[in-house]
Amino acid sequence: MSWLKQLSATWQKSQLQRPELASMFDKPIAEQWVAIDCEMTGLNPKKHHLLSVAAIHINGNTIDTGNGMHLVCKPPVMPDRDTIVIHGLRTADVENGMSYDEMLELLLPFIDNRPIVGFCPKIDTGFLNPLVKRYMGTTLPNDVIDVRHLYSRRVSGQTQGLSGQSQHLTSILAHYDIPELGTHDAYNDAIMTAMAFLHVR
Numbered sequence: 048m049s050w051l052k053q054l055s056a057t058w059q060k061s062q063l064q065r066p067e068l069a070s071m072f073d074k075p076i077a078e079q080w081v082a083i084d085c086e087m088t089g090l091n092p093k094k095h096h097l098l099s100v101a102a103i104h105i106n107g108n109t110i111d112t113g114n115g116m117h118l119v120c121k122p123p124v125m126p127d128r129d130t131i132v133i134h135g136l137r138t139a140d141v142e143n144g145m146s147y148d149e150m151l152e153l154l155l156p157f158i159d160n161r162p163i164v165g166f167c168p169k170i171d172t173g174f175l176n177p178l179v180k181r182y183m184g185t186t187l188p189n190d191v192i193d194v195r196h197l198y199s200r201r202v203s204g205q206t207q208g209l210s211g212q213s214q215h216l217t218s219i220l221a222h223y224d225i226p227e228l229g230t231h232d233a234y235n236d237a238i239m240t241a242m243a244f245l246h247v248r
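Read in order, the letters of the sequence shown correspond to residues 48 to 248 in this note's numbering.
Don't take every hint at face value.
So the derived label-pair ranges between C-beta atoms look like this [claimed, not checked]:
id, residue 1, residue 2, range
1, Arg201, Lys94, 14 to 24 Å
2, Lys74, Thr217, 28 to 38 Å
3, Gln64, Asp224, 18 to 28 Å
4, Leu51, Val132, 37 to 47 Å
5, Ala221, Met145, 32 to 42 Å
6, Phe72, Asn106, 15 to 25 Å
7, Lys94, His215, 34 to 44 Å
8, His117, Pro75, 22 to 32 Å
9, Ser203, Thr138, 37 to 47 Å
10, Gln64, Asp190, 37 to 47 Å
11, Gly173, Leu54, 34 to 44 Å
12, Glu142, Ala77, 17 to 27 Å
Here are the simulated PhoX-like cross-link-like pairs (lysine-lysine), alpha carbons at most 25 Å apart as the crow flies [stated by the list, open to error]:
id, residue 1, residue 2
13, Lys74, Lys169
14, Lys169, Lys60
15, Lys94, Lys121
16, Lys52, Lys121
17, Lys169, Lys52
18, Lys74, Lys121
19, Lys169, Lys121
20, Lys94, Lys74
21, Lys60, Lys180
22, Lys74, Lys180
23, Lys169, Lys180
24, Lys180, Lys52
25, Lys169, Lys94
26, Lys121, Lys180
27, Lys121, Lys60
28, Lys74, Lys93
29, Lys74, Lys60
In case anyone wonders, no lab produced these hints; they're calculated from the structure. Where a beta carbon is used, it is the ideal one built from N, C-alpha and C, also for glycine.
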């Protein structure tokens, strides 16, 4: 860890308001990650809202689907039915969903200090971090790994920038003959992201 990163982590930990989450700042254990996917009402965190979050542990070459997590949330403003249905949810699921604080109470210990694996994870963390900061006093301290970047480097040798095809998870899945599960479903997307990660890491 660079001194700058260490300094940032130390400062973040000093802002932590929930001591039970202090282990999130511990050094990650090798070969342990968590794949995450979020479903939202749109892509702008300033005007759209989180609907569901899925998280699945990756241990070595194993995806622990039996102990994954799929949490449905009730946003502060109820979206229209079409927005809900496209994510494989029912209106009743969202209306009876948990609060964001209830979701984080379950999600954050599950993430713990594992590096976060995602496809365009900056979008996911862009929605999660404002909620996380309000809940525990600081944003997620975890390393974040973008499957797109790993794939781009592996297939084209690029260290910066992305090929057009690597913008789409389905293209990566097809490249490695990974079966597609239903899309726009947080849990399925997290599983597919985890499978892709194991091929490109």
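Distance restraint between lysine 169 and lysine 180, which requires alpha-carbon spacing of 25 Å or less: 16 Å, holds
Cβ separation of serine 203 and threonine 138, checked against the hinted range 37 to 47 Å: 43 Å, holds
Pairwise hint evaluation, lysine 121 against lysine 169, where the allowed Cα distance is 25 Å at most: The hint holds at about 22 Å.
Status of the given 34 to 44 Å range, CB of histidine 215 versus CB of lysine 94: 25 Å, violated
Assessment of proposed distance window 15 to 25 Å (beta carbons of phenylalanine 72, asparagine 106): At 21 Å between Cβs, range holds.
Satisfaction of the hinted span 37 to 47 Å by the C-beta atoms belonging to leucine 51 and valine 132: 45 Å, holds
Satisfaction of the hinted span 34 to 44 Å by the C-beta atoms belonging to glycine 173 and leucine 54: Because 23 Å falls outside the window, the suggested range is violated.
Hint check for lysine 94 and arginine 201 - Cβ pair distance inside 14 to 24 Å: Violated - the Cβ-Cβ distance for arginine 201 and lysine 94, about 36 Å, lies outside 14 to 24 Å.
Given pair status - lysine 180, lysine 121, alpha carbons within 25 Å: Judged against 25 Å, a Cα distance of about 19 Å means the pair holds.
Agreement of lysine 121 and lysine 60 with the hint, judged by alpha carbon distance not exceeding 25 Å: 29 Å, violated
Verdict for histidine 117, proline 75 (Cβ pair) under range 22 to 32 Å: 23 Å, holds
Given hint lysine 180 paired with lysine 74 - CA-CA distance at most 25 Å: Distance ~20 Å between lysine 74 and lysine 180 Cα, so the pair holds.
When held up to the earlier numbered hints, the structure conflicts with 1, 3, 7, 10, 11, 12, 16, 18, 20, 27 and 28 and fits the remainder.
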